[in-house]
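Engineer: Given next are the chains, with one letter for each unit.
Protein chains: 2
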Amino acid sequence: MNATFSAVPHLIGSVEMYAYDRLKKFVYEIFVKIGCPANHAETAADVLTAADLRGVDSHGVSRLGSYVRLWEIGRINGTPDIRIVHETPGTACLDGDRGLGLVVAPAAMELAVEKAKKVGTGWVAVRNSNHFGIAGYHAMLALKNDMIGIAMCNTSPLVAPTFSTEKLLGTNPIAIAIPAGNQPPFVADFATTPVAYGKIEMHMQRGEDIPPGWMQDAGGRPTTDAHTGKKGGALLPLGGDRVHGSHKGYCLSASVDILSAVLPGAGYGPWAPPFLGYLPLPEDSVGDGIGHFCGAISIDAFRPVAEFKSHMDNWISRFRRAKPVEGQPKVLIPGDPEREMAAKRHAGGIPVSEPVVKDLQRLSEKFNIEF
Amino acid sequence: MNATFSAVPHLIGSVEMYAYDRLKKFVYEIFVKIGCPANHAETAADVLTAADLRGVDSHGVSRLGSYVRLWEIGRINGTPDIRIVHETPGTACLDGDRGLGLVVAPAAMELAVEKAKKVGTGWVAVRNSNHFGIAGYHAMLALKNDMIGIAMCNTSPLVAPTFSTEKLLGTNPIAIAIPAGNQPPFVADFATTPVAYGKIEMHMQRGEDIPPGWMQDAGGRPTTDAHTGKKGGALLPLGGDRVHGSHKGYCLSASVDILSAVLPGAGYGPWAPPFLGYLPLPEDSVGDGIGHFCGAISIDAFRPVAEFKSHMDNWISRFRRAKPVEGQPKVLIPGDPEREMAAKRHAGGIPVSEPVVKDLQRLSEKFNIEF
Numbered sequence: 001m002n003a004t005f006s007a008v009p010h011l012i013g014s015v016e017m018y019a020y021d022r023l024k025k026f027v028y029e030i031f032v033k034i035g036c037p038a039n040h041a042e043t044a045a046d047v048l049t050a051a052d053l054r055g056v057d058s059h060g061v062s063r064l065g066s067y068v069r070l071w072e073i074g075r076i077n078g079t080p081d082i083r084i085v086h087e088t089p090g091t092a093c094l095d096g097d098r099g100l101g102l103v104v105a106p107a108a109m110e111l112a113v114e115k116a117k118k119v120g121t122g123w124v125a126v127r128n129s130n131h132f133g134i135a136g137y138h139a140m141l142a143l144k145n146d147m148i149g150i151a152m153c154n155t156s157p158l159v160a161p162t163f164s165t166e167k168l169l170g171t172n173p174i175a176i177a178i179p180a181g182n183q184p185p186f187v188a189d190f191a192t193t194p195v196a197y198g199k200i201e202m203h204m205q206r207g208e209d210i211p212p213g214w215m216q217d218a219g220g221r222p223t224t225d226a227h228t229g230k231k232g233g234a235l236l237p238l239g240g241d242r243v244h245g246s247h248k249g250y251c252l253s254a255s256v257d258i259l260s261a262v263l264p265g266a267g268y269g270p271w272a273p274p275f276l277g278y279l280p281l282p283e284d285s286v287g288d289g290i291g292h293f294c295g296a297i298s299i300d301a302f303r304p305v306a307e308f309k310s311h312m313d314n315w316i317s318r319f320r321r322a323k324p325v326e327g328q329p330k331v332l333i334p335g336d337p338e339r340e341m342a343a344k345r346h347a348g349g350i351p352v353s354e355p356v357v358k359d360l361q362r363l364s365e366k367f368n369i370e371f
Numbered sequence: 001m002n003a004t005f006s007a008v009p010h011l012i013g014s015v016e017m018y019a020y021d022r023l024k025k026f027v028y029e030i031f032v033k034i035g036c037p038a039n040h041a042e043t044a045a046d047v048l049t050a051a052d053l054r055g056v057d058s059h060g061v062s063r064l065g066s067y068v069r070l071w072e073i074g075r076i077n078g079t080p081d082i083r084i085v086h087e088t089p090g091t092a093c094l095d096g097d098r099g100l101g102l103v104v105a106p107a108a109m110e111l112a113v114e115k116a117k118k119v120g121t122g123w124v125a126v127r128n129s130n131h132f133g134i135a136g137y138h139a140m141l142a143l144k145n146d147m148i149g150i151a152m153c154n155t156s157p158l159v160a161p162t163f164s165t166e167k168l169l170g171t172n173p174i175a176i177a178i179p180a181g182n183q184p185p186f187v188a189d190f191a192t193t194p195v196a197y198g199k200i201e202m203h204m205q206r207g208e209d210i211p212p213g214w215m216q217d218a219g220g221r222p223t224t225d226a227h228t229g230k231k232g233g234a235l236l237p238l239g240g241d242r243v244h245g246s247h248k249g250y251c252l253s254a255s256v257d258i259l260s261a262v263l264p265g266a267g268y269g270p271w272a273p274p275f276l277g278y279l280p281l282p283e284d285s286v287g288d289g290i291g292h293f294c295g296a297i298s299i300d301a302f303r304p305v306a307e308f309k310s311h312m313d314n315w316i317s318r319f320r321r322a323k324p325v326e327g328q329p330k331v332l333i334p335g336d337p338e339r340e341m342a343a344k345r346h347a348g349g350i351p352v353s354e355p356v357v358k359d360l361q362r363l364s365e366k367f368n369i370e371f
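Line by line, the protein sequences are chains A and B.
The numbering of the first sequence is my numbering, which starts it at 1 and goes up by one.
The numbering of the second sequence is my numbering, which starts it at 1 and goes up by one.
What the hints contain is simulated information worked out from the structure, not anything from laboratory work.
Hints may contain errors.
[Stated by the list, open to error] Simulated crosslink set (DSS-like; lysine-lysine; CA at most 25 angstroms straight-line):
(1) B:323 <-> A:231
(2) B:117 <-> A:117
(3) B:330 <-> B:344
(4) A:118 <-> B:344
(5) B:344 <-> A:117
(6) A:330 <-> A:344
Build the full structure now, drawing on both the sequences and the hints.
Structural biologist: Here it is as structure tokens:
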């Protein structure tokens with residue numbers, strides 16, 4: 001029932017540079033080929049390539065082939081009828097109809113924002129969806145309405161709860177985006193594990209050990225073997241071990257799983273369907289697809305927007321001014337690295353590693369689209 | 001501007017056993033002496049001693065003297081006029097009028113629950129309050145209404161953001177309580193640091209080093225010196241160092257600070273007022289007191305309650321059945337250890353360490369209340 005560790009095309013090796021617009025156009029055309037209406041394909045391409053732009057290479061075009069594979073085996077529906085199953089003035093439960101999470105999650109956020117306009121906050125739980133790309137994209141959709149955005153998603157089980165040898169939880173990301181005034185927004189977006197699995201794959205390819213505190217072996221013992229995932233090992237929750245608070249990372253990951261999947265009726269815990277199409281679906285299903293939990297919190301439901309933004313500017317500039325540790329240029333504000341990377345890659349192009357280029361070329365041939 | 005590390009009476013050494021009811025009655029009488037009306041004193045005593053009952057000794061009667069001290073210097077108001085500053089159907093901003101957080105937070109939760117009954121969820125941000133004791137108590141108030149409860153609080157700045165030598169954030173706890181059916185509820189309640197400062201004090205008193213990954217020295221370097229807090233050192237965010245995801249703990253702690261303090265207008269970041277009365281208030285105040293952020297999420301705003309509870313039971317029993325690591329008796333569900341401890345201490349009494357007993361005796365003499 002446990003998912004095997006992934007193999008999205010490898011992210012190291014020689015790279016080729018691609019202009020953002022060119023990459024996005026290609027992704028758009030692929031999504032059109034799998035049946036997406038133009039507006040869905042545009043959204044999905046925007047979400048997916050936002051990851052490449054922001055430097056989260058593990059969640060961008062490197063995953064395009066995996067989405068296509070899920071479509072081929074009928075687990076992704078290109079023309080979903082995204083349907084409200086139940087709602088109240090401030091909440092809704094959505095059925096994503098096996099749509100791309102890249103399309104379903106923005107629809108959920110839009111609904112959350114509309115509800116927040118009326119009653120102060122809006123919360124939308126989604127079932128029967130697929131992985132939604134980078135959580136931060138969705139959370140940031142609330143910003144233009146002067147709202148705080150929150151997005152989370154349950155994912156394939158690769159993480160062992162504290163004291164367990166079994167992989168029962170995903171890397172279950174959380175994002176929170178908070179508007180500021182003159183400063184750029186605060187955007188936290190993180191998996192509830194010390195690192196994403198992509199980092200471990202990079203150590204594997206380089207023949208390097210991993211630091212202790214990232215993974216455990218099949219018996220639940222500490223390990224520095226980067227290949228342990230293939231031998232029954234598991235990712236550890238944020239905190240690493242009990243002494244360093246792994247039970248807190250376990251609580252966080254579990255909370256994301258329950259809000260995103262148990263609440264709307266998606267597959268939770270070890271029953272979350274794997275992202276990789278060649279892996280079997282879990283037996284004895286407990287829900288539909290994977291789930292999301294999206295929220296929008298209207299600032300002016302608590303405090304005048306201008307007042308809040310001026311204090312956020314003060315918060316951010318105080319933290320920016322904090323004395324750095326020797327050898328570090330500065331203290332970062334959540335969202336800084338991704339925003340700086342996006343500016344750089346918008347101007348100078350996006351580096352795509354050789355195995356990903358090959359994967360995109362295969363898609364280009366398969367669908368007869370110029371790459 | 002940075003707070004000094006605390007000295008609530010030490011938690012190790014010889015202990016005396018006290019019956020829960022006796023301890024709670026004493027706390028109630030002290031709160032009446034500092035002016036609390038009977039219903040407030042009852043609530044405050046219930047919250048404070050819930051910490052002792054649940055094994056969170058650092059947040060129970062060991063802090064009673066500190067609350068009294070804050071009252072003596074006018075920072076706690078025994079008869080607060082807890083006032084709604086602004087509200088919408090699903091939200092409110094409360095001014096706690098310098099009340100005990102032990103009283104203000106339950107009032108905020110009650111309001112959140114009432115709002116959730118009407119529009120699906122309710123969210124209440126609070127300013128001008130004081131430390132609210134254990135976050136889990138407040139989150140659990142939502143359970144009896146078949147709601148998920150969430151509670152967080154910003155606290156005195158003892159934590160350095162990743163890459164900084166300055167203490168700009170508190171241990172900022174988060175609690176989430178989720179109802180189940182036949183199983184006991186899921187209750188996560190944790191500080192956003194690897195450990196609470198109380199654990200470091202215990203190492204100090206025993207003359208032991210602390211493990212790497214808990215604190216940094218004044219220069220931001222890794223240290224195992226338990227006394228580093230007195231020499232300019234700081235607690236690290238959950239994750240410990242950058243390699244192990246401390247930037248994620250920093251994001252979490254910062255998010256709690258912003259939701260609990262910037263949103264309602266409390267003192268945030270390094271401007272959070274210290275819990276210890278002998279420490280000066282920060283200059284150039286940016287808000288009133290400390291803040292809380294409380295939420296209630298009605299299950300039936302998303303999914304029928306019976307259906308949700310049956311899946312929560314399945315989630316919990318699956319995790320309970322997970323294969324444990326060798327040498328560990330079982331995999332824990334969040335809330336298990338505290339509930340088991342509460343049952344044990346209800347029956348067998350609460351161990352109170354000698355320095356805390358002395359502190360309570362001082363209060364007994366000062367207020368002429370039998371202890």
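Engineer: Now tell me if each hint is right for this structure.
Structural biologist: Do the hints match the structure? See the list:
1. For the given pair, residue 323 (chain B) sits about 16 angstroms from residue 231 (chain A) by alpha-carbon distance, which is consistent with the 25 angstroms threshold.
2. Restraint check for residue 117 (chain B) and residue 117 (chain A): the C-alpha separation of about 19 angstroms stays at or below 25 angstroms, so the hint holds.
3. With a C-alpha separation of about 19 angstroms, the suggested pairing of residue 330 (chain B) with residue 344 (chain B) holds against the 25 angstroms cut-off.
4. A threshold of 25 angstroms between alpha carbons decides the hint, and for residue 118 (chain A) with residue 344 (chain B) the separation of about 47 angstroms lies outside it, so the pair is violated.
5. For the suggested pair residue 344 (chain B) and residue 117 (chain A), the alpha carbons sit about 48 angstroms apart, so the restraint of at most 25 angstroms is broken.
6. Restraint check for residue 330 (chain A) and residue 344 (chain A): the C-alpha separation of about 19 angstroms stays at or below 25 angstroms, so the hint holds.
When each numbered hint is compared with the structure, violations occur for hints 4, 5.
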